[in-house]
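Going down the list, the protein sequences come from chains A and B. Converting from the first sequence to our numbering requires adding 372 to each position, the first position being numbered 1. Converting from the second sequence to our numbering requires adding 1252 to each position, the first position being numbered 1.
Derived from the structure by calculation, the hints contain no laboratory data. There could be a bad hint or two in this list.
[Claimed, not checked] Partial selection, computed: residues in chain B whose CB lies under 8 Å from chain A:
no.	residue
1	1311
2	1314
3	1345
4	1472
5	1485
6	1530
7	1544
8	1545
9	1578
10	1592
11	1596
12	1597
A quick note: this is a predicted structure, and the numbers were derived from the prediction, not measured. Beta carbons are placed, not taken as given, at the ideal position from N, Cα and C, and that holds for glycine.
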Amino acid sequence: MVKEIERAGIIVVHMCTVVPISLTVGANRIVPTIAIPYPLGNPELEPKEEKALRRKLVENALEALKTEVEGQKVFE
Amino acid sequence: MSKKKVVHYINQFFAGIGGEEKADVKPEIREGVVGPGMALKGTIKEDAEIVATIICGDSYFNENIEEAKTEIIEMVRKYDPDLFIAGPAFNAGRYGVACGAIAKAVNDELGIPVLTGMYPENPGADMFKKNIYIVETGNSAAAMRKAIPAMSSLALKLLKGEEIGSPEEDNYIARGIRRNYFAEERGATRAVNMLIKKLKGEDFVTEYPMPDFDRVDPNDAIKDLSKSKIALVTSGGIVPKGNPDKIESSSASKYGKYDISGFSDLTEADHETAHGGYDPVYANLDPDRVLPVDVLRDMENEGVIGELHKYFYSTVGNGTSVANSKKYAAEIAKELKADCIDAVILTST
Chain A
373 MVKEIERAGI IVVHMCTVVP ISLTVGANRI VPTIAIPYPL GNPELEPKEE KALRRKLVEN
433 ALEALKTEVE GQKVFE
Chain B
1253 MSKKKVVHYI NQFFAGIGGE EKADVKPEIR EGVVGPGMAL KGTIKEDAEI VATIICGDSY
1313 FNENIEEAKT EIIEMVRKYD PDLFIAGPAF NAGRYGVACG AIAKAVNDEL GIPVLTGMYP
1373 ENPGADMFKK NIYIVETGNS AAAMRKAIPA MSSLALKLLK GEEIGSPEED NYIARGIRRN
1433 YFAEERGATR AVNMLIKKLK GEDFVTEYPM PDFDRVDPND AIKDLSKSKI ALVTSGGIVP
1493 KGNPDKIESS SASKYGKYDI SGFSDLTEAD HETAHGGYDP VYANLDPDRV LPVDVLRDME
1553 NEGVIGELHK YFYSTVGNGT SVANSKKYAA EIAKELKADC IDAVILTST
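Okay, chain A solo, but in the shape it has when bound (with noise of 0.2 Å):
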């Protein structure tokens, strides 16, 4: 999905825990996430801080559309 949303020319940063995966896929800009099935969240966490983890991921996932790349790059 990723793939195609980049083909079509829309900029695309791949939210995800199993990088591996990505990669394979094809993403370009990619973040990686938590756990698969909470990728932005912990439910360990008090809802405050959970919502400023998830922020904090969010915010990497713009750092990364503004970041100009080539080929593969993963945005820890």
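Fit chain B to the supplied structure of chain A, relying on the hints for placement.
Positioned in the frame of chain A, the structure of chain B alone reads:
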């Protein structure tokens, strides 16, 4: 001849421990056969014995790849086996990645032959087909009956040190290895024959398939996020409560487009996941954990981003064919273009 020793690797589901809610179990080892090992045992019993079965949760493996590999290699080492078999994983993505990764690691570290089985569209197949033998299977466990004999036959060849045939002969996914052999006809004759077939519109088999590098170049970065319109897309199956379009929990036959203009936070009361390939408890309690609407709405209000697109698009990535995923994404992208979207955040589980 004494019987050769085999160690088998399976996931929590095939071990009967549980489904997605148990996908985080750590590696454990049991003496003898468990689950699909029973069928494998029956077909190789003349020559080999499955001495132990290693079980690991798919999520645990994929979220802790290095630790899991180290732990499992130590378990395998203790049994000093002659062959390591993983799976078959069919089209289960995380299971396929686990089978491929652990089989390759065992081969690299212990130097014994390894074997797994999966459906060619499993992401694990593309990742590891160059390194190991992956027997081609159907896309679901319904294909177990066909997968087992194919895996056993290749397993016995590997155990006996027999020469492995071509991918077609031994039913494995082509590894991209070229081997010299004596052809009946010289190259020029074969080339002309192939050309004649091609001109006649008949089927012919190339002797040198071109590698299929389907890569898309990255698009240019966003200059000013505060003026950008950003859309959310997910393969994690987030849908309005009640799943109005009835998107299937696996092998999705459709995607959905949903209005979030009235939402600043997704909750248990209004959204849920339709995905059947991961434990849905966490996403159902707070769908923002998969689709970060709350955070992006805040950022929109703060002016960090220009606008969060009115609609999000969602499908279930679980076992959905590559052809369908491509089709859905191409349609989604077309609509996003028409809506002047500058960037997409795509989340996957």
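For each hint, the structure was consulted:
| no. | hint | result |
| --- | --- | --- |
| 1 | 1311 | 5 Å, holds |
| 2 | 1314 | 5 Å, holds |
| 3 | 1345 | 7 Å, holds |
| 4 | 1472 | 7 Å, holds |
| 5 | 1485 | 7 Å, holds |
| 6 | 1530 | 5 Å, holds |
| 7 | 1544 | 5 Å, holds |
| 8 | 1545 | 10 Å, violated |
| 9 | 1578 | 5 Å, holds |
| 10 | 1592 | 10 Å, violated |
| 11 | 1596 | 4 Å, holds |
| 12 | 1597 | 5 Å, holds |
This entry does not satisfy hints 8 and 10, going by the numbered hints stated previously.
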